[in-house]
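Chemist: Quick note, the sequences are listed as chains A and B, same order. Under my numbering, the residue at position 29 of the first sequence is numbered 29, and the numbers go up by one with no gaps. Under my numbering, the residue at position 287 of the second sequence is numbered 287, and the numbers go up by one with no gaps.
Source of the hints: derived by calculation from the structure; they are not laboratory data. Quick reminder that beta carbons are idealized off the backbone N, C-alpha and C, glycines included. Be aware that one or more of the hints could be misleading.
Covered stretches of chain B (in silico footprint by chain A; criterion: 3 or more residues with CB under 8 angstroms from a CB of chain A, positions within the stretch not fixed) [as the list claims (entries may be wrong)]: (1) 116-129; (2) 152-159; (3) 586-595; (4) 654-664.
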Amino acid sequence: MKPAPFSYHAPSTLDAMLALLAEGGEDGKVIAGGQSLVPMMNFRLARPARLFDLNGVAELDFLRAEGGWLRIGALARHAAFHRPPCGGPTGALLAEVVRHIAHYPIRQRGTFAGSIAHADPASEWCLVAATLGAEIVARSRAGERRIGAGDFFLASLSTALRPDELIVEVRLPILDAGWRTGFCEFSRRVGDFGIAMTAVALRVESGVVREARIGVGGVEDHPARQPAAEQALVGQPVAARAFAAAADAVAGAVRPMEDLHADAAYRRHLARTTTRRALEQACAGSGS
Amino acid sequence: MADGPTRYIGMPHKRLEDRTLLTGGGRFAADLSAPGQLHMRVVRSPVAFGRLRSVDVREARRLPGVVAVWTFADVERIPPIQIRLTKIGGLEPYQQTVLARDYVRYVGDPVAAVFAEDPYVAEDAAELVFPEIEELPACISATEPPREFMPETLPGVSSEAACVTKAYGDLDAAFAAAHEVVELEVAVGRHTGVPLETRGALAEFDPAKGTLTMRGAAKVPHYNRGQVARMLDMPDEMVHLIQGHVGGGFGVRGELYPEDVLVCHAALRLKRPVKWVEDRQEHLMAANHSRDQSYRLRAAVDARGFILGLQAEVFSDQGGYVRTHGVTVPDLSAAMLPGPYLVPAYRADVHVRLTNKTPAGTYRAPGRYESTFARERLLDAIAHALGRDPVEVRRVNLIPRDRMPFDRGVDTLGTRVVYDSGDYALLLDKLLAYLDYDRLKQALAARRAAGEHVGFGLGYFVEKSGLGPADKAVISIDAEGMVEVVTGAASIGQGIETAMAQICAEVLEVPIERIRVVHGRTDRIDYGMGAFASRVTVMTGCAVKAAAEALLEKLAGAQVGTPASAEGWFRADHMTYPYGIHAAVVRVDPGTCAVHVERFVVAYDIGRAVNPMLVEGQIVGGAVQGIGGALFEEFVYDANGQPLVTTFGDYLMPTLAEVPPVEALVTEDAPATQNPLGVKGAGEAGINGAGAAIAAAVDDALGRPGAVTRLPVTPIRLHRLLGERD
Ligand SMILES: Cc1cc2nc3c(=O)[nH]c(=O)nc-3n(C[C@H](O)[C@H](O)[C@H](O)COP(=O)(O)OP(=O)(O)OC[C@H]3O[C@@H](n4cnc5c(N)ncnc54)[C@H](O)[C@@H]3O)c2cc1C
Numbered sequence: 001m002k003p004a005p006f007s008y009h010a011p012s013t014l015d016a017m018l019a020l021l022a023e024g025g026e027d028g029k030v031i032a033g034g035q036s037l038v039p040m041m042n043f044r045l046a047r048p049a050r051l052f053d054l055n056g057v058a059e060l061d062f063l064r065a066e067g068g069w070l071r072i073g074a075l076a077r078h079a080a081f082h083r084p085p086c087g088g089p090t091g092a093l094l095a096e097v098v099r100h101i102a103h104y105p106i107r108q109r110g111t112f113a114g115s116i117a118h119a120d121p122a123s124e125w126c127l128v129a130a131t132l133g134a135e136i137v138a139r140s141r142a143g144e145r146r147i148g149a150g151d152f153f154l155a156s157l158s159t160a161l162r163p164d165e166l167i168v169e170v171r172l173p174i175l176d177a178g179w180r181t182g183f184c185e186f187s188r189r190v191g192d193f194g195i196a197m198t199a200v201a202l203r204v205e206s207g208v209v210r211e212a213r214i215g216v217g218g219v220e221d222h223p224a225r226q227p228a229a230e231q232a233l234v235g236q237p238v239a240a241r242a243f244a245a246a247a248d249a250v251a252g253a254v255r256p257m258e259d260l261h262a263d264a265a266y267r268r269h270l271a272r273t274t275t276r277r278a279l280e281q282a283c284a285g286s287g288s
Numbered sequence: 001m002a003d004g005p006t007r008y009i010g011m012p013h014k015r016l017e018d019r020t021l022l023t024g025g026g027r028f029a030a031d032l033s034a035p036g037q038l039h040m041r042v043v044r045s046p047v048a049f050g051r052l053r054s055v056d057v058r059e060a061r062r063l064p065g066v067v068a069v070w071t072f073a074d075v076e077r078i079p080p081i082q083i084r085l086t087k088i089g090g091l092e093p094y095q096q097t098v099l100a101r102d103y104v105r106y107v108g109d110p111v112a113a114v115f116a117e118d119p120y121v122a123e124d125a126a127e128l129v130f131p132e133i134e135e136l137p138a139c140i141s142a143t144e145p146p147r148e149f150m151p152e153t154l155p156g157v158s159s160e161a162a163c164v165t166k167a168y169g170d171l172d173a174a175f176a177a178a179h180e181v182v183e184l185e186v187a188v189g190r191h192t193g194v195p196l197e198t199r200g201a202l203a204e205f206d207p208a209k210g211t212l213t214m215r216g217a218a219k220v221p222h223y224n225r226g227q228v229a230r231m232l233d234m235p236d237e238m239v240h241l242i243q244g245h246v247g248g249g250f251g252v253r254g255e256l257y258p259e260d261v262l263v264c265h266a267a268l269r270l271k272r273p274v275k276w277v278e279d280r281q282e283h284l285m286a287a288n289h290s291r292d293q294s295y296r297l298r299a300a301v302d303a304r305g306f307i308l309g310l311q312a313e314v315f316s317d318q319g320g321y322v323r324t325h326g327v328t329v330p331d332l333s334a335a336m337l338p339g340p341y342l343v344p345a346y347r348a349d350v351h352v353r354l355t356n357k358t359p360a361g362t363y364r365a366p367g368r369y370e371s372t373f374a375r376e377r378l379l380d381a382i383a384h385a386l387g388r389d390p391v392e393v394r395r396v397n398l399i400p401r402d403r404m405p406f407d408r409g410v411d412t413l414g415t416r417v418v419y420d421s422g423d424y425a426l427l428l429d430k431l432l433a434y435l436d437y438d439r440l441k442q443a444l445a446a447r448r449a450a451g452e453h454v455g456f457g458l459g460y461f462v463e464k465s466g467l468g469p470a471d472k473a474v475i476s477i478d479a480e481g482m483v484e485v486v487t488g489a490a491s492i493g494q495g496i497e498t499a500m501a502q503i504c505a506e507v508l509e510v511p512i513e514r515i516r517v518v519h520g521r522t523d524r525i526d527y528g529m530g531a532f533a534s535r536v537t538v539m540t541g542c543a544v545k546a547a548a549e550a551l552l553e554k555l556a557g558a559q560v561g562t563p564a565s566a567e568g569w570f571r572a573d574h575m576t577y578p579y580g581i582h583a584a585v586v587r588v589d590p591g592t593c594a595v596h597v598e599r600f601v602v603a604y605d606i607g608r609a610v611n612p613m614l615v616e617g618q619i620v621g622g623a624v625q626g627i628g629g630a631l632f633e634e635f636v637y638d639a640n641g642q643p644l645v646t647t648f649g650d651y652l653m654p655t656l657a658e659v660p661p662v663e664a665l666v667t668e669d670a671p672a673t674q675n676p677l678g679v680k681g682a683g684e685a686g687i688n689g690a691g692a693a694i695a696a697a698v699d700d701a702l703g704r705p706g707a708v709t710r711l712p713v714t715p716i717r718l719h720r721l722l723g724e725r726d
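From just these sequences and the hints, can you work out the full model?
Modeler: Take a look at the structure:
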């Protein structure tokens, strides 16, 4: 469990990092928190010939609310979300979700942007990004692109990012007080990758759902919004019946992965449960 | 002395070991280094079963920093690893050579060993070793009919290595008289003890003295010393095995494995110290697995649920080779299956079958975790078949106190099983009172009526402990009054230094702070049995008592400050049998198919506790592992024999978040009658009945008696059981 040989580079500016990426080609890899990459290197599943350490690029270490967006710099760690990083439902959702990511020491190292780049199907941050409609800001020597989350995640561990591009920032919309958010995940043990999870954001007016964002993670090869379930909910009063219908719509729509811990039928069942519970949580105490 | 006030035995003394460990002073195998050391990396078979045609090591040898690469040809003079326990005839063909000879028999089977200047280079080189293996269809089930084990090189040798049979009484008469016959088929999945410290060793040859020393030993250093000496053709006295701190044993760590012998052999041949530390992935495919047994039970019962006769056919999945434990697990399964019940007629046939999985050995409560699960499932099935309360059915069957000592009618581990003492009904009463059983049942019924899926279950068991034949201790006192206790025991983290010091302090009447306990060193004492089978407190403890008493005798009348030394022995022909009950309350979440353990209680009669806090610690740790085997931990293989669980991402041991506080109800109602301290072992109390209790509680929570037939009860299995309903 020792990595294959590699050379190590630690640039201290973004420009220097982008230059390394431009010449690094396919054998170069960025290391951020290292919480996914290092295990893969130790198992020799990843064998980058050159490693570009992001941790010295201080200009990417930021996390702030600005112009209706939460701007998450590439070096913002998971642990920075233990307290809501912004007000309102977005901040509340992030602070709830982060507790489900791995364990405390891992959250001190792992980064939000690293999770997005890694694109594990069961990544909570990828699910939040897909559900809320994040913008991924990718930069290379050739310039900057902004990629919507809906176009970013392609499959398990596969994204629209090009090898010479760095995620410099991820932007999440800051929802106003008319929204409610909820999250539910099932994992075998506390801290394990989830087998199924649902994040929801609902805009509710006078007890009726006006807008709905429902995202499911861990079930298919990448997290995605669930249009059928969202449609089933919009225009409905906030009530158990509507939640059950939305949960059924999720169960009907997903094409679940299979692995050691869950076959398709069980994952489908879980997706129904996590969806119903995320909706219940979003609307708990809403008085309807 | 004997009637003086008890100051040490029975006191919850804090562990003497802990200051060093808690302040980061521990020295585990990976902490050890020697100047000029080489690092070993083992190249393992990537396929489960195949004919090993050749191993190409040319490229690996050329890598700078590589000193040697060995295949079977380099070690062919080293005999295979012998069986330490329950050696029955005919097992020789199934023993493992230190590197694979002509077949590979599981994924992880060592085919080559690389020795290099640093561990990174060793791993780089290991990737350049290319075994040529002609893959054959793997066998991954012990219930399939046996086949040829290694058809080309051992024609006619069956994959059924042995069939262990234990029987007594008139079974035919029992079935003829039966009011009802209850049948059952259940299985315990493959899991094992997983110490947080992986295996590791550092071997060094001292050319001046001619001695070979291996550090990183555990569990049975004296026995392993003899084996290493024999295999490498050296006199015993020229080989030393030394134990440092050990990060958990559980039956798995400290057995003699191929890697230990390779490290020692390399130190001799390459004339440099050789270090080996396995990684976790290797550990999960190469260290002993355990459990993996299927039981087919038939019981003849009368109208009250009294078992007139019990017939069992058991299939034990041994994996690729028979290792040091021989048929210990099957033997104990058959001997301990009847448990605390009278069962006047009995027969068990345990088929020990080789498959293409990691070889199996003992794991904490070997053969009992499994057989208790099967037996207690049977008791629940009998209760259900007769419409009787499960607790009452157990009561009807328990061996009454006035039948003690009770000859079980079978042998195990070379001794007759005679339960020395016990009041089984009393412990049951105490547990039910502790639980406020009737109220608990009502409360659970009320919650079920309100829509929750909650349930209660229990499992009764008899443990065994204090395996002989003998143990020795040497105690010396110096002019300053400092006392040294040298034992042949081994510490695997269980607190033996503290317990031995307590016994010594009690007899000598010296403060415990003045006592130092030595263990796990073959260079300090010539005899030692090590630590396994919950034997140390009983056997070594009584030897320490004897040595302390001998020392007192020597010192009688001598001047204060006279240095002296004395040795003591304790011998035992029979084991001593503690017993206990596990009780669980669980909640099933039908939305996720997860089982939440709300309460876990272990009632256990220890005979006499040297240190109640350590006993409780043993119980709590064991219970957590037991819950792991019941709900989380399992080595799964695909149809080709590929292991699907080789990391901690998939091998799920419960954490603090998954287990409730374990409640220990320790009683001292039945002291051991065969040893002067009255003590019985504690090591396996916490784990034995956990699978049984949780299975019963899950049944109860679902309102479906007999639903659980297999451990672990994973969510995916529960989902299939429940059908897809919310
Ligand atoms: C035991 C354990 C449990 C875990 N459980 C969970 C869990 O429950 N949920 C979860 O979501 N994650 C979990 N993780 C993963 C963890 O959250 C990682 O931190 C995260 O996936 C990756 O972030 P990182 O900063 O560590 O990235 P790294 O490991 O450094 O990199 C991961 C990948 O992303 C690339 N990368 C990183 N940053 C950038 C960037 N700015 N631009 C472009 N590419 C980049 C790297 O090149 C690499 O390919 C777990 C990890 C461990 C070890």
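Chemist: Determine for every hint whether it applies to the structure shown.
Modeler: Against the structure, the hints:
no.: 1; hint: 116-129; result: holds (count 5)
no.: 2; hint: 152-159; result: violated (count 0)
no.: 3; hint: 586-595; result: holds (count 4)
no.: 4; hint: 654-664; result: holds (count 4)
Checked against the numbered hints above, the structure violates only hint 2.
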